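Knowing the structure of chain A, use the given hints to seat chain B on it.
Spelled out from the first residue to the last, the chains are:
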Amino acid sequence: MYRKQVRRRRAVLVVLIVAALVLLSTQFSESQGGPLHSMQRAVASVFAPLEEGATRALKPARDLINWVDETFQARGQNSDLHSQVQQLRTQLATAQGAEGENQQLRKLLGLDRQGTLAGYKPVTARVIGRSPTVWYSTVTIDPGSGSGIQIDDPVVSGDGLVGRITDVTHGSAEVTLITDDRSSVSARVLPSGPEGIAEPEVGNPSDLLLDFIDKNQTVHQGQMVVTAGWSNGAISSAFPPGIPIGEVSDATVGEQQIYQRVHVQPFADIRGLDFVQVATGGPPRPGVPR
Amino acid sequence: MIITRRIAVRIALVIVATVLLEVSFFSYLSFFGTTPDIVPLVVVALGLLGGALVGAVCGFAIGLLLDSVLLQTLGVSALVLLSVGFLAGRYREGTEISNSLIPPLLAGALTFCAAAGFAAIQLMLGVHTPVSLLVLREIFVKGLLAVVLAVPIYPVIRIVLRSAIVDDSAGRRRARSPITPGARRAGRVRGRRMRRPAGVS
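Chains as they are written, first to last, in my numbering: chain A, 823 to 1112; chain B, 773 to 973.
One chain only, chain A, in its complex shape (with noise of 0.2 Å):
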């Protein structure tokens, strides 16, 4: 009897493995549109409801439990705003200057826009749910191809760049951060200019690496970084230029290296997002599937 127990349980452990490896293998190989995705975006929909739901639900007992962490980080960073806000008061009144001197030159280049994101239709969503490892930075958002969103959109929160959409049912969508390892964005240093791509750094998610930025061209730390959304008329990077990305927080070069090593602090929260804006519509862009 006991041995029948132990091989029937071997044989279920077995299956189980066999079951897991086949999976793992199937979805790598298969397209986004094969049995296996369809399967796993029906279950997604069929959960987003019970998601949004308790992800309103329990916002008051999250917000309680963070408020007291968030009180210790405030301690710190009330000393650093300090002093920042010194340095942006003298930054803002050259701001000021240049911004009258720049919408006319924009006016004169028939190039008058209201934004970053102008042409685009913003769609606003709530985070309704996010994955609780570094090795997937995503999290999930309430409306989805419904509302017209599409893969490759780009997602930006108040505060600057978030991610990109990567996988869309009829009522929710997959953001996939720029935290994300399989993120990888073009951005552009202000305002010298100087373009590489900004990679993020796994297990990190309060840092982004600036990779092929030549050693020779000068960045300083707290220079902004926005992204260069370049196009050469075949292909194009899927986000617009001049979204806000986050600021230089270190640049480093090393003697055997061709490129500097620039990290960059993103603007957006990433780990504390509630709501975001999906960019729908907008332009064609070469290359990004519309």
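To be clear, the hints were calculated from the coordinates, so they are not data collected in a lab. Just so you know, these numbers come straight off a predicted model, no measurement behind them. Hints may contain errors.
Stated by the list, open to error - Selected chain A positions facing chain B (Cβ under 10 Å, derived; list incomplete):
hint: 1; residue: Ala842
hint: 2; residue: Gln862
hint: 3; residue: Thr877
hint: 4; residue: Glu1021
hint: 5; residue: Asn1026
hint: 6; residue: Gly1104
In this text, a Cβ means the ideal position worked out from N, Cα and C, and glycines have one as well.
Same frame as chain A, but now just chain B:
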């Protein structure tokens, strides 16, 4: 554990509630820069209460559901969590849980193993960007948080599945029932006699 249809429904509800709580509540929290993960510790609890087979099946199911809801690569969580559930179940089958500290410590150790296993699979599948050493801190802190979270979560799951646990129901039977047949009735009669007021025959 005696698996009846009712108990199977309860386990399914525990699995769904765990996934919902994880993606909608716990993954928004941050302690020491790390998100707490209750999924491995729930699998450990199910394995400890139900044995290796129940642990493995529940780990597989909860992993599959988590990967589906979060649109992650199917099979990764299932593979890691079925191993966690199986190991917890094997521990219970081989060793008696004599100390109340054992479930939280085991949950912490197996959550640590789950996070390390998850990282190993991800690295084997290919990561296109540099990996920070902070990943090690994440794995370690996840294990510590699991120890703390297991203190309230393990008893809750035990209560939910109490009627199916063989030890518990046997223990209750021993506490209530007499040794010889007919003694329960005799005890009740004896009790009535004792409660009768003095002077009343």
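The hints, checked one at a time:
1. The beta carbon of Ala842(A) is positioned within 10 Å of a beta carbon in chain B (closest approach about 4 Å), and the interface hint is therefore held.
2. The beta carbon of Gln862(A) comes within 5 Å of a beta carbon in chain B, closer than 10 Å, and the hint placing it at the interface holds.
3. Checking Thr877(A) against chain B: minimum C-beta separation of about 4 Å stays under 10 Å; hint holds.
4. Against a cut-off of 10 Å between C-beta atoms, the interface hint on Glu1021(A) holds, since the closest Cβ of chain B lies about 5 Å away.
5. Look at Asn1026(A): its Cβ gets to within about 4 Å of chain B, closer than 10 Å, so that hint holds up.
6. Checking Gly1104(A) against chain B: minimum C-beta separation of about 24 Å lies over 10 Å; hint violated.
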